[in-house]
Amino acid sequence: MKRYDAIVIGAGHNGLAAAAYLARGGLEVLVLERRDAIGGAAISEERHPGFTYSSCSYVCSLLRAEIMRDLDLPKHGLKIIPYGTTACLMRGGDRFAMYPDADQTRREIARHSARDADAFDEFMRDLYRQCRAIRPLLLKTPPDPTSFKPRDIKGLLEIGRAFGQLDEDALYQAMQFWTMSCGDFLDRYFESDVVKGALAGGSIIGTALGPYSPGSAYVLLHHVMGDLDGHVGAWGFAVGGMGAISKALAGAAREHGAEIRTGAEVSEILMQGDRAAGVVLADGEEVRARTVVSNLDVKRTFLKLAPRKHLPGAFVDQVERFKIRGSSGKLNIALDALPDVPALRHDPKLMRGGLNVGDSLEYLERAYDDWKNGTWSKKPYLDIFIPSTLDSSMAPPGKHYMSVFVQYAPPTLADGPWTAESRQAFGDTVLDTIESYMPGFRKLVLDAWVRTPADIEAEVGLTEGNIFQGELTLDQLLFNRPVPGYAQYRSPIRGFYMCGSSTHPGGGAMGAPGANAAREMLHDLKRRAA
Amino acid sequence: MTTATATTMSPAQTQTPMLPRGPMLKRSPFHERLAALNLANAWEAWQGYTTASLFYDAEDEYFAIRTGASLYDVSPMLKYRIAGPEAEAVVDRLVSKRIDKLKPGRVTYAPWCDARGRVIEEGTIFRLSPTEFRINCAEHQLAWFSETAHGFDAQVEEVTEEIAGLALQGPTSKQVLADIGLAEAAALPFFGIGTFKGAGGYPVTVSRTGFTGDLGYELWVAPEHALPLWDALMARSDLHYLRPIGSRALDVARIEAGHILINVEFVGARHAIRPSQTRTPSGLGLDWAVDLAKPHFNGRRALIAEREAGGPKRRLVGLDVTGRKPATGAYLYHRGREVGQVTSATWSPITKRNIALATVEARYATEGTVLDAEIYYMKEVTQGKVDAAATIVPPRFYQPGHRRG
Amino acid sequence: MTTGNAKHYDAIVIGGGHNGLVAAALMGQIGKRTLLIEASAELGGMAVHAPAIGRLSETVVRALALDRHGLRFRTRSLATEILREGTSPLPLQPDDPAATRQAIHALSPADAEAWPHFQQRMARLAAGLAPFLERTPPRLRLDDWGERWELARLGFAVRRMGRADMRDLLRILPLNVADLAEEVFESDVLRGLLSFDAVLGNRMGARSPNTVFPLLMRHAGGAGCRPGTQAVAEGGTAALIDALRKAAASHGVEIRTDAPVARILVEDGRATGVELTDGGTIRAGTILSSAHAGTTLIDLVGPRHLDTDFTRAVRHARGAGVTAHLILNLSAPPAGGDPDTLATTRRVHAPSIQAVERAFDRAKYGELPEDPPFEVTVVNEGEGHARAHALIQYVPGDLKDGDWKTERDAFTKRLVARIEDLCPDLAGRVEGAHLATPADIAARHRAPGGHWHHLETGLDQAFMLRPVPGWAQYRTPIEGLFLCGASTHPGGWISGQPGLNGARAALAAEKASGKVKGEAA
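Chains as they are written, first to last, in UniProt numbering: chain B, 1 to 530; chain R, 1 to 405; chain A, 1 to 521.
Be careful, since some hints might not be right.
[As the list claims (entries may be wrong)] Heads up, simulated EDC-like pairs for lysine to aspartate or glutamate below, C-alpha to C-alpha not over 16 angstroms straight-line:
no., chain 1, residue 1, chain 2, residue 2
1, B, Lys-323, A, Asp-268
2, R, Lys-325, R, Glu-374
3, B, Lys-349, B, Glu-66
4, R, Lys-101, R, Glu-59
5, R, Lys-26, B, Asp-103
6, R, Lys-294, A, Asp-268
7, B, Lys-304, B, Glu-265
8, R, Lys-294, A, Glu-267
9, R, Lys-352, R, Glu-59
10, A, Lys-7, A, Glu-254
11, R, Lys-313, R, Glu-338
12, A, Lys-400, B, Glu-362
13, R, Lys-352, R, Asp-320
14, B, Lys-349, B, Asp-101
15, R, Lys-26, B, Glu-362
16, B, Lys-140, B, Glu-66
17, B, Lys-323, A, Glu-183
18, R, Lys-26, B, Glu-265
19, R, Lys-313, R, Asp-287
20, B, Lys-399, B, Asp-455
Hint data in this document are derived by calculation from the structure and do not stem from the laboratory. In this text the structure is predicted, and so the values were computed from the model without any measurement.
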C-alpha cells in the first residue's frame with residue numbers, strides 16, 4: 001500500500017499552496033477534498049446558466065507575490081488585474097470615490113472636506129509605514145515569546161528588527177495600531193463622516209467587531225497591507241473568478257507531482273502510537289502518510305477530526321475558546337443588465353471598481369449592534385463588485401454578475417437557527433438596500449443566491465462561516481494564533497500540522513499559512529531524515 | 001440626488017461606456033493663452049493642475065529669465081490665508097522666523113518644522129495687514145495649518161483657486177511692470193508687497209519675490225483678471241524680450257539660484273515614509289532662516305538640541321563639477337567611501353559651469369572639499385559612466401547684482 | 001521676583017486630589033518648600049466620586065508612612081452583593097470563601113468551583129503586570145541603551161511569571177471581558193459582574209476588546225489588601241485624603257484651597273510659576289500638575305508654548321467619560337445594617353453581559369440607557385445619617401437629543417426608583433438625590449470629558465502611550481513642568497502612583513540639571 005510523505009486535508013487555497021510547496025520540496029503529496037471541486041472558499045462556480053460566480057471570496061490583494069513567483073502561478077493561468085477605484089455610495093445620492101490618481105482622489109475628498117484632503121496623505125503615509133513593518137512577518141513562522149530556543153529568540157529579534165526600522169514616533173503608532181479602534185484612529189485625521197465611513201469598511205470586513213471596537217484598526221491594516229504589482233494596498237481581481245487562484249495553485253502542485261482527489265472526505269486521523277500516520281476516509285479507505293496537514297479551521301481540525309485522546313486537555317480548551325465568529329453573508333447575483341447608479345453617472349468607470357454601502361462610522365457601528373443582538377444588519381455594510389465589468393467570461397454578453405459581500409450577519413439568529421424564511425428576509429434586506437442606491441435594480445435580478453454564515457459553514461466547511469478561520473484580534477494574532485504555544489503550524493500530535501487561515505498570518509487569500517506550514521513540515525522531515 | 005429621474009431612466013443608460021470621465025487635471029486661469037503658445041504641447045501635472053513643461057525651446061526660455069523677462073504661471077502654487085486677531089501668533093508658532101517683526105507690506109521666507117525639527121515645508125509668507133497673512137507653498141498644508149491654529153482666534157483657509165499668479169522674472173521685468181502702469185509696484189523693495197491698480201483698472205497684488213534668483217516679481221490677481229493681465233503683459237513682449245516659460249527652464253534657474261525644492265532635496269516630514277528622507281533646516285542650509293532666540297515655535301526644542309549635539313549629520317551643499325555631464329543622481333565618494341548623493345544637477349548656461357546641489361555627511365560639507373562624483377549618463381542607448389571631481393561650493397551659483405537693486 | 005506673595009517655593013503642586021497630595025507630600029518629605037493649590041474649597045478631587053473604594057499603592061503608603069498619619073484599613077475586605085430582580089442578592093465575600101462558594105453553588109455548581117480559581121488566576125496575572133504599573137514607562141528609543149535595558153528588564157519580568165501564566169497573560173490582555181466571562185462562568189450574573197468590573201469608569205462595552213486589561217488593573221491589589229481582595233480604608237476615601245493631607249502638612253507642605261490657577265507661567269520654554277485667577281502670581285522652579293493633561297497643557301500652558309504635533313496628540317487623547325455619580329441622602333441607615341459591613345459592601349446591578357452591552361450601545365450614541373448597570377455603597381455616617389453612593393455606568397456627558405437641563409430630573413428619578421426597586425432596604429428612605437453626570441464632573445474638576453481616570457484606560461492609552469506617546473515619563477515639553485495626575489501612567493483607581501512617580505521624575509530632573517531650583521532665583 002502506498003505511503004505518501006504528506007497528506008493535505010482540504011483543497012482550499014492554503015491547502016493547495018502547502019501541497020505545491022511540499023511537492024516542490026520533493027515530497028509525495030496527496031490532497032484530499034471533501035467536495036467535488038477544489039478551492040474551498042476560493043472557488044468559481046456556474047450556479048446560474050452562463051454566469052460564473054466567485055461564490056465566496058471575490059477579490060484579492062493579499063496573495064503574496066513571493067508565492068506567485070515561487071509556484072509560477074501565472075504560468076498556470078493566473079491573471080490578476082488591479083481595479084483602481086472604489087466608490088462609497090451615500091444616503092442622499094452623493095458618493096465618495098477613491099481613484100488610482102492622487103489628484104483625483106484629493107479633489108474628491110475635498111468635495112467633502114478640504115482639510116481631510118490634506119490629512120489623507122498623512123493617513124496613508126502612516127498606514128504604509130506600518131505595512132512596511134508588518135509585511136516581512138507574513139511569511140515567517142511566529143516565534144514563541146516564552147521559549148529560549150535560539151530559533152525563537154532569533155524570530156523575536158527579527159520582529160524587533162522589522163519594527164526597528166521605524167522611528168520612535170512610528171513605534172508608538174504601531175502599538176496604538178494594534179490596540180485601538182479604527183474609529184478612534186480615523187477620528188485623529190478626518191472630520192468628514194463619509195471619508196471615515198468609507199475608509200473604515202476595511203476594518204470590519206469579515207470581523208465580529210464594530211469600527212469603534214478596540215483592535216479594529218489592525219483589521220484595517222490587514223486589508224491594506226497587501227500589494228499588487230508593487231502598489232501597496234491595491235486590490236485585484238482574478239480573471240475567471242477566485243477559483244482561478246485555486247486552479248493555478250492546483251496546477252503548480254500537480255506539476256510538482258502532487259495528487260489531488262476530490263469527493264474524498266476525511267473522517268479521522270490514523271494514528272500509529274502517538275504519531276499521525278495517515279487518514280481514514282468517510283468510505284472507510286485508509287491512506288497512509290508520514291505527515292498529515294489540515295487546511296480546515298482549527299475547530300474542525302481538532303474538535304471533529306483529530307483523536308481527542310491524543311490531545312492535551314488544555315489544548316482542547318484553548319481550541320474551544322478560539323474565536324471563529326460568523327459575521328458575514330454573501331449574495332451572488334445574476335443581472336439582466338448593468339444597474340444604473342445615479343451617484344456614479346458622472347463617471348461610469350467607477351462601475352468597474354468596488355462599490356460600498358456604509359457612509360459613516362455610525363452607520364457601520366449600528367450595523368454591528370444588530371449583529372450583537374443576534375440579527376442581520378437592517379442597514380448592512382455592503383462591499384459590491386461587478387466582476388463582469390472587468391472580465392467578459394463571467395457573464396453572457398450584456399449581462400452582469402454582481403458579488404455582494406454583506407457585513408453583518410450572525411451564524412445563528414437570536415431566536416434560533418437560520419430558516420428558509422429568514423434567509424429570504426436577509427436577502428431582501430440586502431436587495432432593498434441596493435435598490436435604494438440603484439433604482440430599478442431589483443427588476444434586473446435574474447438570480448440571487450443568498451448565503452448566510454450558516455450556509456457558508458454547511459457548504460464550504462468554514463466554522464460559523466468566518467472568512468478568516470478565526471477573528472483577527474490581538475489575542476489571536478502572531479504567537480497567539482491559533483493557540484499560544486502552537487503557533488508554529490505544529491499540533492500536539494507528532495506528524496500532524498495545520499495550514500489553514502486559523503494560523504498566522506490569518507485569512508484573506510494570502511496563501512501564507514500554507515507556505516509557512518509547508519516550510520515547517522519540510523524542516524521537520526529533513527531533520528528526521530538526518 | 002435624483003431618485004425621480006433615475007427611475008425614469010431605462011437600462012439603456014447602461015450603454016454608457018464604462019470609461020473614465022475627466023478632466024484629471026484642472027486648468028489654470030491662464031490656460032487658454034498658454035495652450036495657444038505651447039507649440040511643444042509639453043505639459044505636466046503640478047498639484048492637480050496642468051502646467052507647461054516648455055513652450056517651444058527650453059533654452060530660449062531659460063535665457064529669457066537671465067537676459068530679458070519671463071512669465072511663469074504660478075497659479076497652481078498653494079496659497080493659504082491666515083487671518084484673525086491672533087493670526088500673528090499662529091504664524092509665529094508655525095515658522096522659524098520672527099513674525100512679530102514682520103511688518104505689513106513685507107514678505108519673508110521660512111521653513112516650518114514638526115516637533116522633531118524636521119522640515120515639513122518652506123515657503124513665502126506675505127503679511128498683508130496686521131491681522132492677515134498669506135502663505136505660498138508647494139504642498140498641501142491645510143490640515144497642518146489648521147491644527148496649528150487650533151485654540152487661537154484665527155481662521156485658516158486655502159485660497160489657491162481664488163488667486164491667479166504669474167511670476168515675472170528677469171532683468172527687464174521692472175520695465176515690463178512700468179509699461180503696464182505698475183511703475184509704483186516696480187519700485188517695491190526686495191521682499192516688499194503691495195496692491196496696485198495698473199492700466200487695466202483692476203487690482204494687482206505684486207510681491208517682489210521669485211524662484212529664479214534674478215530680479216523679479218510675482219503678480220497676483222483674481223481669476224477673472226488673469227487673461228487681461230496676461231494680454232497686457234504680452235502686448236509688450238518684444239520690447240523687453242518677455243517670454244512665457246515652462247518648468248524645465250525654471251528648474252535650471254532655480255538650481256543656479258540654489259533654491260531647494262521639496263520632494264527633490266528632501267521629503268516633507270508629514271509625508272516621508274522613511275524618516276531618513278527628512279531634513280532639519282540646518283541640513284538644508286537654512287540656518288539663516290531659523291531664529292532659535294525667538295520664543296517657542298514648532299520644532300524649536302528639537303533644533304536647539306540638534307545645535308547642542310553638534311548640528312545635523314548631513315548637510316546640503318553646492319557642487320562645482322568638472323566636465324559637462326550633469327551629475328544627476330550621482331553618488332559622491334570620499335576616498336572610495338560613499339558620503340553623499342546629488343539631489344539636483346544641471347549645466348548652467350549663464351555661468352558656463354556644471355553645477356549641482358547635494359546632500360553630504362556634515363564633515364565633508366566644508367567649502368573647498370573635493371569629492372569624487374560617479375556620474376551616469378546616456379550614451380545614445382547605453383549608459384556611460386564618468387568620474388568627475390566635485391568641489392563643495394556655497395549653493396548660490398548665480399547672484400546677479402540687479403536682483404536686489 | 002515674586003509678586004503678590006513674598007514667599008518663594010521650590011515646587012508648586014496644582015490640584016489637591018489624592019495624586020496632588022501624594023506628590024506634594026513627597027516633595028515636602030525631600031525638603032522642598034512646597035505649595036499645593038486646589039481650585040475648589042475642598043481637597044480630594046475626583047476621589048470624592050469613589051467614596052468607598054480605592055487601591056492606594058503599597059509603595060505610596062510606605063513612602064509616605066501613611067499609617068503614621070492615621071490611615072487604617074478595615075479588617076473586612078470589600079465584599080460584593082449581586083443584586084437580583086425579585087430575589088435576594090447573591091453575596092460574594094472574599095473573606096469567607098466557603099460562604100461564597102455556597103452562595104454561588106445554589107446558582108451553578110460549576111461556577112462555585114470556578115470562582116476561587118478565577119480569583120487566583122486574576123491575582124497571579126495582575127501580579128505579573130505589577131512591575132509595569134509601578135515603574136515609569138520607558139521610551140521606545142531603540143538607539144538608547146538605557147531604554148533598551150529597561151525594555152529588556154520588563155520583558156524579563158514577564159518571562160519570570162512562568163510559561164503558562166505568561167501565555168495566559170499575553171492572550172487575555174487584549175481580550176474582551178465578555179469572552180473571558182463566557183469562558184469561565186456559566187451564570188449570567190457572574191458574567192455580568194465581571195463585565196461591570198471591567199468597564200466601570202471607562203467608555204467600553206463588555207464586548208469591546210482590551211477590557212480584560214482594566215479588569216486586571218482592578219485586581220492589582222494595593223495597600224492593606226490580602227491577596228485577591230480589596231481593602232477599604234476606615235472612614236472611606238475621605239479618611240484616605242485626610243491621611244494624605246496630614247502627611248503633606250507634616251512635611252511642611254503649604255496648602256491653599258479656593259485658588260484656581262489661570263495659567264502656568266512659561267519663560268523661554270521653562271515653567272516659572274503660576275498665575276491664579278485672582279491675578280496673583282506665585283513663582284517656583286518646579287511645577288507639578290495633577291490636573292487633567294489637556295487642562296494643564298492646552299488651557300494652563302497654552303498652545304503657543306507647545307509643538308503642534310504635541311497639542312494634537314493631547315487633544316486626541318480619549319477622555320469622554322460615561323460614569324455618573326449619584327448621591328442619595330437617606331433618612332436613616334438601612335435597618336439591621338452594621339456600619340462596617342455596609343461600608344465594605346458594594347451592591348452591583350449588572351444582570352448579564354447583554355444588559356451591560358445594551359446600556360453601552362445606547363451611551364455610545366449619546367443616548368440614555370433604559371436600565372444602566374450600577375454599583376451602590378451605603379455609608380452610615382453616624383447619628384442617624386446615611387448616604388448611598390451609586391456609580392452609574394453608561395451615562396453620556398453630551399446627550400444626542402435634549403440636554404441635561406431637561407433630562408436630569410426624570411433620569412435621576414428613574415435611577416432612584418430602580419435602586420429602591422433592587423435594594424428594598426433603601427426603599428422609602430431616599431430623601432434627596434444628587435446626580436453628577438460626566439458633564440458635571442468635567443466642569444467641577446476641570447477634566448474635559450469628565451472621565452474618572454481623566455483619560456480612558458484602554459491598551460492604546462496605557463503605559464508608554466499615556467497620556468500621549470513619547471511623554472509617558474511625567475515630564476512635559478516645558479522644562480520644570482511635570483504631570484502627576486490620573487492622566488499619566490498607571491492612570492486612575494486612586495493608587496497614588498502617578499503622584500509618586502511624577503514627584504520622583506521632577507526630583508530626578510532637578511538632580512540631572514545639577515542645581516537646586518529654589519536657589520537660582
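A quick look at each hint next to the structure:
1. Distance check on the hinted pair: B:Lys-323 and A:Asp-268 sit about 55 angstroms apart at the alpha-carbon level, beyond 16 angstroms; violated.
2. Restraint check for R:Lys-325 and R:Glu-374: satisfied, since their Cα atoms lie roughly 11 angstroms apart, inside the 16 angstroms limit.
3. Restraint check for B:Lys-349 and B:Glu-66: not satisfied, since their Cα atoms lie roughly 31 angstroms apart, outside the 16 angstroms limit.
4. Proximity of R:Lys-101 to R:Glu-59 is assessed by CA-CA distance (about 41 angstroms); at most 16 angstroms being required, the pair is judged violated.
5. Between the alpha carbons of R:Lys-26 and B:Asp-103 the distance comes to roughly 9 angstroms, so the proposed pair stays at or under 16 angstroms and holds.
6. A threshold of 16 angstroms between alpha carbons decides the hint, and for R:Lys-294 with A:Asp-268 the separation of about 9 angstroms falls inside it, so the pair holds.
7. Distance restraint check for B:Lys-304 and B:Glu-265: the Cα-Cα separation of roughly 13 angstroms lies within the 16 angstroms cut-off, and the hinted pair is therefore satisfied.
8. Only pairs whose Cα atoms come within 16 angstroms are accepted, and R:Lys-294 paired with A:Glu-267 is accepted, the gap being roughly 11 angstroms.
9. Under the criterion of a C-alpha separation no larger than 16 angstroms, the hint pairing R:Lys-352 with R:Glu-59 is consistent with the structure, at around 13 angstroms.
10. Annotation: proposed proximity of A:Lys-7 to A:Glu-254 holds, straight-line Cα distance about 11 angstroms (limit 16 angstroms).
11. A distance of roughly 14 angstroms separates the Cα atoms of R:Lys-313 and R:Glu-338; the hinted pair therefore holds under the 16 angstroms criterion.
12. Restraint check for A:Lys-400 and B:Glu-362: satisfied, since their Cα atoms lie roughly 13 angstroms apart, inside the 16 angstroms limit.
13. Of the pairs offered as hints, the one joining R:Lys-352 and R:Asp-320 holds, with about 11 angstroms between alpha carbons and a cut-off of 16 angstroms not exceeded.
14. Between B:Lys-349 and B:Asp-101 the CA atoms are separated by roughly 13 angstroms; this keeps the pair inside 16 angstroms, and the hint holds.
15. A distance of roughly 34 angstroms separates the Cα atoms of R:Lys-26 and B:Glu-362; the hinted pair therefore is violated under the 16 angstroms criterion.
16. A distance of roughly 12 angstroms separates the Cα atoms of B:Lys-140 and B:Glu-66; the hinted pair therefore holds under the 16 angstroms criterion.
17. Pair hint B:Lys-323 plus A:Glu-183 holds up; C-alpha atoms about 11 angstroms apart against a cutoff of 16 angstroms.
18. Between R:Lys-26 and B:Glu-265, the direct Cα distance comes to roughly 61 angstroms. Violation of the 16 angstroms bound is thereby established for this hinted pair.
19. Straight-line distance between C-alpha atoms of R:Lys-313 and R:Asp-287 comes to about 14 angstroms, which keeps the hinted pair within the 16 angstroms bound.
20. For the hint linking B:Lys-399 to B:Asp-455, the alpha-carbon distance of about 26 angstroms lies beyond 16 angstroms, and the restraint is violated.
Comparing the model with each earlier hint shows violations of hints 1, 3, 4, 15, 18, 20; every other hint is respected.
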